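Colleague: In case you want the letters, here they are:
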Amino acid sequence: MLWTLLRHHLRPYLPHVAAVIVLQLATILATLYLPSLNADIIDNGVATGDTDYIWRVGGLMLIVAMVQVITAIASVWFGARVSMGMGRDIRRSIFTRVGRFSTEEMGRYGAPTLITRATNDVQQVQMLVLMTLNFMVMVPIMSIGGIVMAIREDPGLSWLVWVAVPVLVLIVGLLVTRLMPLFQRMQDNIDSINSVMREQIMGIRVVRAFVRERHETARFESANATLTVTSVRIGRLFVIMGPAITVVLHLATAAVLWFGGHRVDAGLVQVGALTAFMQYLLQILMAVMMGTFMMMMFPRAIISARRIQEVLQTRPTLAEPARPLALDAAGGGAAVEFRGVTFAYPGAAAPVLDGISFTAEPGKTTAIIGSTGAGKTTLVSLIPRLHDATSGQVLLDGVPVTDLARATIAETVGLVPQKPYLFSGTIAHNLRFGDPTADDERLWHALDVAQGTEFVQDRTTDGAESAATGLESTVSQGGTDVSGGQRQRLCIARTLVAAPRVYVFDDSFSALDVTTDALVREGLDHHTHGATTIIVAQRISTITGADQILVLEEGKIVGRGTHEQLLESSQTYREIVDSQTTVGEPA
Amino acid sequence: MSEKKTSSTKPAGSSTDLTELTEREILEMQDSMGSEWGESAPRKAKAFWPSALRLAGTFRDHKLGLSIVLAFGLISTALSVWAPLILGDAMDVIFDGFLSGEGIAFDALGRLLLAVLAMYVVAAVFDWLQGRLLNDVVMRIVYVLRERIEAKVNRLPLRYFDTHQRGDLLSRTTNDVDNVQTALQQAFASLVYAVLTIVGITVMMFWLSWQLALIALIALPISAVAIALIGSKSQQLFTAQWRHTGRLNGHVEESFTGHDLVTVFDRQDSMREEFDERNEELWEASFKAQFYSGMIMPIMQWVTYLGYVGIAVVGGLRIASGQMSLGQVTAFIQYSREFNAPLGEVAGMANMLISGVASAERIFELLDAEEQEADGEITAPSGAGGAGTAAAGADSSADGAVATRRRIARAELTGPTRGRIEFDHVAFSYTREKSLISDLSLVAEPGQTIAIVGPTGAGKTTLVNLIMRFYEIDAGQIRLDGVDIRALDRGAVRSRVGMVLQDAVLFGGTIRENIRYGRLDASDEEVVAAATATFVDRFVHTLPEGYDTVVEDEGANVSAGERQLITIARAFLADPALLILDEATSSVDTRTEVLVQEAMAALRTDRTSFVIAHRLSTIRDADVILVMEHGDIVELGSHEQLLEAEGAYHRLYWSQFAAGTDPDEDEAVLEGSLGVTGEIAAVTGETPVVPGEAPTTEA
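These protein sequence lines are chains A and V, in that order. Take 1 as the starting number for the first sequence in the numbering used here and just add one per residue. Take 1 as the starting number for the second sequence in the numbering used here and just add one per residue.
To be clear, the hints were calculated from the coordinates, so they are not data collected in a lab. Do not rely on the hints blindly, as some may be mistaken.
[Unchecked claim] Interface residues of chain A toward chain V, partial, derived using beta-carbon atoms under 7 Å:
(1) G58
(2) L62
(3) A65
(4) A72
(5) L160
(6) I201
(7) F220
(8) G434
(9) T437
(10) D440
[As the list claims (entries may be wrong)] A few chain V residues that don't get close to chain A, going by computed Cβ distances all over 10 Å:
(11) L64
(12) L74
(13) S232
(14) R243
(15) N351
(16) A411
(17) R432
(18) R479
(19) A522
(20) A533
(21) R604
[To be verified] Just a few of them, taken from the derived set where beta-carbon distance is under 7 Å, the chain V residues facing chain A:
(22) A90
(23) F98
(24) Y120
(25) W128
(26) N135
(27) M139
(28) E253
(29) H259
(30) V313
(31) V505
(32) V594
This structure is a prediction, so every number in the text was calculated from the model and none was measured. From the three backbone atoms N, C-alpha and C, an ideal C-beta is built for every residue, glycine too.
Okay, chain A solo, but in the shape it has when bound (with noise of 0.2 Å):
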């Protein structure tokens, strides 16, 4: 997986790989011709007192150093420039891909975990590739390098390298096979404190309404003590891991003397070599050693990679028509019909919606009403093609939607949904987002509509500068910072402003007190002229004025006619009616 999305990503970027791998090829052969050069100078300077001789290696030393520090800058460049690059891709990828799921795509991840997907996931492949061309490719040539310099030294003391090596590899390999799954845990450990602490916090008023502050501190207590004793088994694995490198490497450096020194008793090598050699010992162990460690990038990078290949392999199964066909967009509202629709999610036995037929006409309003679960979302999202019909057409003006493109749809359809969601940013920005070209005027005549002016008017938020008011005032995202009702007030009127020919009103009015719904309905009724109206309910008092009422069971049909009609002919309007009024009641 992790393959797959490099080869491909890192496509556009092979100059610049192999840039990175010529530079550090010659960082390290810079790096390992130092050493040599040193023992230049204790061998044929120093042994003789020639002091021209060390003046002049020495420069050279000099000259080899600037190489040495140009290239690994380069080096630095390149991978940066690749590691950067490819997570820019990898993000623009997701984000292209995921705007192009269906409403079906996106329940099946869910938002949070497509964020995560995009941002944190990309972010540790990114680190992956930046390390690995930073440090990473360093590790082989070094060692390949260092031995080859090691055994030109002095062939006889190679045999240490091969066992050195090994013994540091153990070493941090076992610590690290030991620490990662504890970092799993420690992970786990976690997310487990943090989702008490934020259920504390969140359901405070559940926590001290039941007095359960001492449960909650048990729960607590034991999350951190957990937490704690995962922390304290890291950390006593992280405090081996120093000494027990220094013990290994000490060990090496005496090995190099004991032996060598036999050698250069022997008069098979020199001095100066044995320096050089144990310079080199030390950096191939230094690579070895890095190695190691970034291996424990792998695993993460690993499931990261699955994460975000499993987006970039979703098909979204909504697609845009070959050729769309167009609406005459003349002439108000646009008729809405259903012919023989039945919808089911995929995998689930039983169908949200089974055989809907009925036509919306333009200039008259269509109320949908019925128990939680009868589908009635599920329904006005076909219209809008949030989905696609199992079976059976849904058709805007006699065109079924789904010849249609995307823009022609949303021209002719405006859904507030059930869930009013705001962007971050000024109230202005989130009305215009129906219609970017919209004035003020539009805006404020869409508030009136709504019943949001004088909340609006009235708000002042900190702007960049100076306090922002009115229309310049902000939301935070997903409007948490403004009440239920007026969040949906100004999802109303940013339908309005896109000023459709079709509006779908997902149970929009819930949060509004009756005063209001009454008010806003009433504007809407002269707002929306000629305009077809849909709308779903809950309250009874919402819809008895409409053209038509669909009463939904079960994801059928079940009654329809006006409030009037229905209560003649259908027994579940007439629960639902019974269970707002009282019997007898003017109704």
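Go by the hints and put chain V onto chain A.
Modeller: Quick look at chain V alone, frame taken from chain A:
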């Protein structure tokens, strides 16, 4: 060996930050607004030293442990600093033997090498011991810190939660604690070690040769300047990177969360453009940040090599002139190598410490926040409880509050709770500027159902919150069975009241666990009985896992209405003497609601109940209906009485049910209602509109 030290501390440190974020954390951040995405960027403390000292003060209880850590660290460092010198001697033995042609003295060499090894092993053992001890101490400190924070959260008044961003609060209790832990665990340990090493090595270098030491130290200012320049630059760049990460993630979050809207309005292209713009910015910023920070290592290394070359050349000359031995120069080279590593470490750790102190400061702010008065130590403005007009009540709370407070003697409720609630000239405001409830009096007799209706912001939820003592009143008294609730322990009041809140808050866990939250010792049968009575059982059976279904945060497995039913079952199970239902069934469809109503009616018998609802159907059967506007009770009476009175309730009622009638008439009614509201509020004041038989406001 300090090089190893550096690399051994990095992997844990470098991978924390934002890369470690889990989905849950993202959700938390989501709650705390998009702008807080940049939170993981290093913060700056407002007052560094006071906070740093206070953080250091948390070690107070571990003086002995810390002394041992320092002592062991000192021993370990001293040995590690000394060892290269012996190694140099060993080198000399070889070199001398080589030069003199007499052969190498292997017994001397062996002794020296064994000594070096022994030193390193002992140093390593002490290093390990001090690291382990410090680790345990730090973990203990962080454990206690977490505990204190949690305890604090329980002592904070609800007002605190209202006036602070919950996301920010969460971030303080989670991310900031983690940050402090990292800082203490890694930065502290490394910093001590690094400083000791630097001092030790400096001493050794000067002792060996001050000339060479000067050469080595020339490298010091160079690397210091390099670190300072590039370090601060890359610090800025990283901050920028986090800022841009925040901006991009915020946008991604919005686009994905609002995906349906983007599709409905066909704004995919403009979202994409915005994304590309921010993505490009992030790329730019992160590339620069990575490049600059990536330069530090090669440059540091270069400086090391410069010193190395200098020492090799000058050292070579000095050996040639017989002023130094080869072993001394070799030792020197090793020192100079080990000198720069801790320097880099200090620079890196300093950043971690600064960020840790900033986090500690945020935690201390939380810990210092004003707490609610402890049970049994409640004070109230003296003179409260008497009459006092609205204005006077508000004033006394604003100004002379401290001066005129008196202690309320602790009391206990004895015998079975009857459930009589009295509001006696209660005044309350959330903020000092704006009074919400100015003078409210009311009696709820045991067993009565009191319904509260009124427009948003009328103070309905506030009223029931005051019964729960979620907030302390500014003036007047609230009495439960004749006892001032402030004289009682909060727990004593709350455990007698079952409350179903407006927001259906469920905790992570199964449905069964969530219902059992109402009474922790309830048996499974009792849980199911409560669930059956509140129609939870009905839908639970359709779930594959039944009562063991885990309620998910965003999960679609339990709908909003079903969540509300679960919260009702929870209160049902608690079997309280009083019941408060705050919009308890607003998300439940009306037919189910009727059924729940019946169950609730059974639950309400013999219990004093307060019911808030928008749907008039919910409250029709109440014994008393309170109509609230602007924090005052403007009307009070039974459904029939209030309809006859043709006041505010009448208008509310008609606005809900009149939609089917003549629109013109409808409009007239609505306009009327808007026109008169203010007047009624002004006129009614304390006078009950309907002279109800049972409960009346006290005159």
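Colleague: Would you mind marking each hint as holding or not holding in the structure?
Modeller: We went through each hint and held it up to the structure:
1. G58: Result: holds, 4 Å to nearest chain V Cβ.
2. L62: holds (5 Å)
3. A65: Holds, about 4 Å.
4. A72: holds (4 Å)
5. L160: violated (14 Å)
6. I201: Check passed: Cβ of A/I201 comes within 6 Å of chain V, closer than 7 Å.
7. F220: Cβ of A/F220 sits 5 Å from chain V, so the hint holds.
8. G434: holds (5 Å)
9. T437: Violated - the Cβ of A/T437 stays beyond 7 Å from chain V, reaching only about 12 Å at its closest.
10. D440: Check failed: Cβ of A/D440 comes no nearer than 19 Å to chain V, outside 7 Å.
11. L64: Holds, since 19 Å exceeds 10 Å.
12. L74: The claim holds: V/L74 sits with its nearest Cβ about 15 Å from chain A, beyond 10 Å.
13. S232: holds (18 Å)
14. R243: V/R243 clear of chain A: closest Cβ-Cβ about 14 Å, beyond 10 Å.
15. N351: holds (18 Å)
16. A411: holds (18 Å)
17. R432: Given that every Cβ of chain A is farther than 10 Å from that of V/R432, nearest at about 19 Å, it holds.
18. R479: holds (20 Å)
19. A522: holds (12 Å)
20. A533: With a cut-off of 10 Å, V/A533 remains clear of chain A, as the shortest Cβ separation is near 18 Å.
21. R604: Consistent with the label, V/R604 stays out of reach of chain A, its closest Cβ about 18 Å off (over 10 Å).
22. A90: holds (5 Å)
23. F98: holds (5 Å)
24. Y120: Holds - the Cβ of V/Y120 comes within 7 Å of chain A, reaching about 4 Å at its closest.
25. W128: Hint holds; V/W128 Cβ to chain A Cβ min 4 Å, cut 7 Å.
26. N135: holds (3 Å)
27. M139: Holds, about 5 Å.
28. E253: With a closest approach of 5 Å, the V/E253 hint holds.
29. H259: holds (5 Å)
30. V313: This hint holds: V/V313 lies near chain A, its Cβ roughly 4 Å from the closest one there, short of 7 Å.
31. V505: With a minimum Cβ separation of about 4 Å from chain A (threshold 7 Å), the hint on V/V505 holds.
32. V594: holds (4 Å)
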